[in-house]
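Each chain, letter by letter, is given below.
Number of protein chains: 2
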Amino acid sequence: MKHRICLFLALAASLFVDQAQAQKASWIWYPGDFDIYMSNVMQNRRTERGSFFPVFWKMDSHYVLVDFHKEFTLTEPEEVKLYVEGTYNVKIDGQAISGFPKTIKIPAGKHKLSLKVYNQAQVPAIFVQGKTVISDETWLSTFEDKEWIDASGKTSDKSGTTFVSAGSWHFTDPLIAPSAFKLPVTPHAATKIEKANQGTLSDFGKETFGFIKVHGLRGKGRMSIYYGESREEALSTDKCETLDYLDIDLSAKKDSIMPLSKAFRYVNAQYEGSVAADSISMLYEYAPVTEKGSFKSSDKELNKIYDVAKYTFHLNTREFFIDGIKRDRWVWSGDAYQSYLMNYYSFFDAETVKRTLWAQRGKDPVTAHINTIMDYSFYWFLGIYDYYKFTGDQKFVQDIYPRMQSLMTYIDGRKNKDGLLEWMPGDWIFIDWADKLSKEGEVSFEQLLYARSLETMSLCAKLANDADGAAKYDQQATTLKKKLFDLYWNANKQALVHSRIAGKPTDNVTRYANMFGIFFDYFTADQKLGVKKNVLLNDNVAKITTPYMRFYELEALCAMGEQSYVLKEMKSYWGGMLKLGATSFWEEYNPDKKGTEHLAMYGRPFGKSLCHAWGASPIYLLGRYYLGVQPTKPGYKTYAIEPNLGGLAWMEGKVPTPNGDIEVYCSNKEIKVKSAVGMGTLKLKSKSKPNAPGAVVTEIGKGVYEIKIEKGKEYKIKYTYGPHGL
Amino acid sequence: MKHRICLFLALAASLFVDQAQAQKASWIWYPGDFDIYMSNVMQNRRTERGSFFPVFWKMDSHYVLVDFHKEFTLTEPEEVKLYVEGTYNVKIDGQAISGFPKTIKIPAGKHKLSLKVYNQAQVPAIFVQGKTVISDETWLSTFEDKEWIDASGKTSDKSGTTFVSAGSWHFTDPLIAPSAFKLPVTPHAATKIEKANQGTLSDFGKETFGFIKVHGLRGKGRMSIYYGESREEALSTDKCETLDYLDIDLSAKKDSIMPLSKAFRYVNAQYEGSVAADSISMLYEYAPVTEKGSFKSSDKELNKIYDVAKYTFHLNTREFFIDGIKRDRWVWSGDAYQSYLMNYYSFFDAETVKRTLWAQRGKDPVTAHINTIMDYSFYWFLGIYDYYKFTGDQKFVQDIYPRMQSLMTYIDGRKNKDGLLEWMPGDWIFIDWADKLSKEGEVSFEQLLYARSLETMSLCAKLANDADGAAKYDQQATTLKKKLFDLYWNANKQALVHSRIAGKPTDNVTRYANMFGIFFDYFTADQKLGVKKNVLLNDNVAKITTPYMRFYELEALCAMGEQSYVLKEMKSYWGGMLKLGATSFWEEYNPDKKGTEHLAMYGRPFGKSLCHAWGASPIYLLGRYYLGVQPTKPGYKTYAIEPNLGGLAWMEGKVPTPNGDIEVYCSNKEIKVKSAVGMGTLKLKSKSKPNAPGAVVTEIGKGVYEIKIEKGKEYKIKYTYGPHGL
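Going line by line, the protein sequences match chains A and B.
Residue 696 is where the first sequence starts when you use this note's numbering, and the numbers rise one by one after that.
Residue 696 is where the second sequence starts when you use this note's numbering, and the numbers rise one by one after that.
Hints were generated in silico from the structure; no laboratory data involved.
Keep in mind that a hint or two might mislead.
Identical copies go unnamed one by one, so any copy, or any two together, can satisfy a pair.
Result set (PhoX-like, lysine-lysine): computed pairs, CA atoms no more than 20 Å apart in a straight line [as the list claims (entries may be wrong)]:
1) Lys1289 <-> Lys999
2) Lys849 <-> Lys934
3) Lys807 <-> Lys776
4) Lys987 <-> Lys949
5) Lys1131 <-> Lys849
6) Lys1157 <-> Lys991
7) Lys1382 <-> Lys1112
8) Lys800 <-> Lys1380
9) Lys1167 <-> Lys1403
10) Lys934 <-> Lys786
11) Lys1134 <-> Lys849
12) Lys1177 <-> Lys1112
13) Lys1369 <-> Lys776
14) Lys1199 <-> Lys877
15) Lys1112 <-> Lys1403
16) Lys826 <-> Lys948
17) Lys995 <-> Lys1131
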């Protein structure tokens, strides 16, 4: 009986789902607007020792007045419910209905339903729910409908309005309006509590994020809460970065939750006057993403690095991909660009990528680089390039293409007489946190990112059906790439030099342009080898100390097959943080530092973020260059699998795609592959022809074999591991 | 004793004022932002039969994150109170103070006080009140401070931030935040109440505006309120333009005020179910402007026209200069342009001009013409030209110049291959409400306004210290003016033709370009005479039926000395409306129409506005061309008085200026002048040399005399009226 009941329940659930899908309405708005609005909400949560600490670039606003419409053809009259955030009107075929109707009846036949909404404080948004008439991204929206009438009452028939398809985050509950959106929370207790001065120090066991809840608060006076990513920070009441002061006058016990969620491992609660509390706990706040990607290997330390990286990344994945959870909590483009790549190998949450890209870009006019940083404007373009590559989502490219154009117009307008970019008032040339890094003159790294961004523009112009734009940007990219090598390639040094100053190339070599040139595939084979030897593996070239640029350095080495070297580096660098007790990865790590020196940055003893998204790059490196999976056509229509053990005895894991996972197991005897999507090409080296039952094995070079991977099939391939790895 | 007490009170009051002035703080914000915010609030109050009816162009938003700062040098420490709309931080010399302090102490010496405010729903605004540290327009503000720090904690020293002086509306009460701004109201009773169906019809005696208050409302059911500018409209429950429905369930009596103010003379209250009320009254809502200008003459009908015009204009002067009080209640640029001119001869309220100009322009990017209308973009430029002429306020020109540039860039980008403007998708070419008015091809009127706007750009570029811009715009204006005459001047017709179609001038002559050409002074003396005879006084050229274009037609005739003709026209046209019972002047008046035909427009029986700002132009014509006063240098540093009785036996009146009034009395025997400002030049014709005690009389032509008018002196001049008037 039990089995039959389960079956019945499953059937009922599936019926329910079918019906729900037939009516799957969602809240909609002008595309990008809720993203911009919500990023304002989120980025304005930063505080520094109790002071509000907002961003220093332009914050944009949603359009306050938006018109939505769609045409429907109904076979029978339909009752339609309307939910709206804002003051609104409703029109059927252009005829307004009096007041603010909550239910309307649309007659059978072809009809146009329009809602026009004004809202200054929140994003104008609608939720329309009928049997077939529902709100979704197929509705059209505009911020200027230009529907004027002449003296006779005739509506203009040539208004030239631009309508764009509506935006949504798939909010499907009509009773929860978009502005009520909040990340979920779940209660966690401290793992250890000790007395500290006039209060207690609570240890939550590892880096975490959420709202502190004070239980049984009472008395009169002040309660102070000092947050610490380290024990030292929480105990340093005068130097910890974040805190809460509560002035209390309570005769009866009351539970109190702090208004802002914060990052911490340790919480130091101090009481003055007669104030006391029973205990404190936390409400862990998290993004409800699914951990689709995975990685496990024969190396336990590496597995720990992967797990801590994924936890670090999950903490920094919030409404948007942010930089770090303690301090900035802002949407930085350079940081987010890396998060996108990590995301494709972990959550594959396309929505968070899109909303972060919208939020960074904001509205026109462009008055500064993204986050004011020249390089960060370019990472934004690169993020779109990759987004399309991994998801194949052409609609998003079309939606955002006009804002790509206006940002590129801004950048093109800042070229100097030689067609290169150099510092102008208002620009921050960041590159990396590194001592004595020159930003003078025309830095090669910026020109290289510029070229790649122009290539992205050309690609996206094609996707947005702008043939003229595609040709223009392609021409610009070609010219700039040629110039890059003409001006910066130093044949003696076998490297791109760092900059040109006063029209002359310097002989300063740094890693930045050279490592990007590798995985952008800008070098000839000879140049690549030269760069590897003379730059990447040359200890005389200034070392990189941030996980931010380690990401690209290690990627460049992986792209050249140096997985064994990179594995050692990962174990040394990220393993080094773990050995120092890290429970999440840091903003910066310099093995030469000692003790509490590791906590300091920006001239402040606890200024450093100990949970920074860019610290989580092993997620990407292991999926992309060890499991070796990547799309070769947009959205994994076709993809490559080139496993590389890099010295591991075995590894296994999943790489998510838009339509399911690709599973890979690899040891030095056997490779197992199972894929839910597309058409894969497994490439491997073997001393003898691999034994792959049910598959066609093609030798494409000496000892190099290719096997086509069809979706839904399982492959178990025996092979003989060669002296140079896979 | 009484006298001495008064003196003492006066002294005390004056002391109080001095002290208050020493501390005269006001709420400040990013310039233009409150204007844009408040115009969104106001323009979204339009309803049509209970439906929300917003504008069809882009509504902009304030900057949601704004930084304010000022440096102060204090001789002693000062306690400073802070009032802020929004989430904020406070810094002294760059050091943030924890939390949201309401009072701070600034030490003696030179210090920089900064506040950074975030507010999505309202305009970020601050009010700072110390003894000498106060908020006013000398503070600097920015929406992107670009104050990044490097890894060592050093703040960027080359951020290139653009700071602009703060905006204000002179809100001086710290406890009334800007978002609480409301126009004042005062109670008025109906003058007549009669039974009508299941309720009452209340007549308020004349066109008015405000909130209906229902006294002693009770019962269960619906109360319906139908508003009418005419009795017919209020009684037409199914066709009246505005209404309120109240669904009521009240056991005890309650007074109720309608949420939206409306225009009406008649109010038809109808009750269903058990609903009843004791009475209704209104709260008259008005702009608290001062009626500085005045005009009175020997002609009683003309005096009535002037008074009704001024009442019409006052009703349409609200938070901004709007088009009409019943229907649109929007800020239309072409309508507002005329209001500016009327304002200079009545309230001289510079603030309302500035805020209307800010509101119309909104924010960048420009995505359409102002109000989507090509001509309306040009009136906006002309409005700034006149504003500077009448007020001499260079600061405002400098503040708004960047937005003038971006609008002109938008317009320049829409020129066709011949450098002319013609219809493009999204453009509304309005010109006037007139039957069969061609908008095809390149309309001469638009090119003429374009040329004048380029001249305005050149002037304002100079005022904003943009020499390159001044030269560029000057060159453009010259080229376009030449083209205008080369292409459109028809020597046979002695007129500018209406348009060019497919590259060929038409032979269609309309009044528009020709009458503007007169008072823009674009014609030679011969051309002027030709235009006057062949266009202005030619009944075969299509007549103008809107007060909107009557304004310019009559202005052109006055500019050519046709005051006698214009006086008759005014009496016939505006007098015609009065004879039909008008208590305010209309959107359109065609003497050929009969009865309720006068109420209809836009295909609706009560579509016409019976209280339209553009109906009030006699205010301007009488001050500018009869009293004959106008500035000859910006802000009335110098000015001309050229009275013209136009057939009146006498007239007298005041013309306001930024610094006091100019009073003129004129009969055909005597002219009296008294001025509080500048240096005036009175010009008059007299058969013999005028007798002007205490003044120097210079004969500048045969029978034409000039007398210099110094401020503060009274002049009584006897003269002998000539056969051709003054």
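Against the structure, the hints come out as follows:
1. Lys1289 <-> Lys999: This pair counts as neither: shortest intra-copy Cα distance 23 Å, inter-copy 90 Å.
2. Lys849 <-> Lys934: between (68 Å within a copy, 18 Å between copies)
3. Lys807 <-> Lys776: Within one copy, since 16 Å is at most 20 Å while 55 Å is not.
4. Lys987 <-> Lys949: neither (41 Å within a copy, 62 Å between copies)
5. Lys1131 <-> Lys849: between (68 Å within a copy, 14 Å between copies)
6. Lys1157 <-> Lys991: Answer is neither; intra-copy 40 Å and inter-copy 70 Å both fail.
7. Lys1382 <-> Lys1112: neither (56 Å within a copy, 70 Å between copies)
8. Lys800 <-> Lys1380: neither (67 Å within a copy, 74 Å between copies)
9. Lys1167 <-> Lys1403: neither (38 Å within a copy, 65 Å between copies)
10. Lys934 <-> Lys786: between (59 Å within a copy, 18 Å between copies)
11. Lys1134 <-> Lys849: Between. Shortest inter-copy distance 16 Å satisfies the 20 Å Cα cut-off; intra-copy 60 Å does not.
12. Lys1177 <-> Lys1112: within (16 Å within a copy, 36 Å between copies)
13. Lys1369 <-> Lys776: neither (45 Å within a copy, 68 Å between copies)
14. Lys1199 <-> Lys877: neither (53 Å within a copy, 63 Å between copies)
15. Lys1112 <-> Lys1403: neither (51 Å within a copy, 58 Å between copies)
16. Lys826 <-> Lys948: neither (50 Å within a copy, 44 Å between copies)
17. Lys995 <-> Lys1131: Neither, since 38 Å and 85 Å both go past 20 Å.
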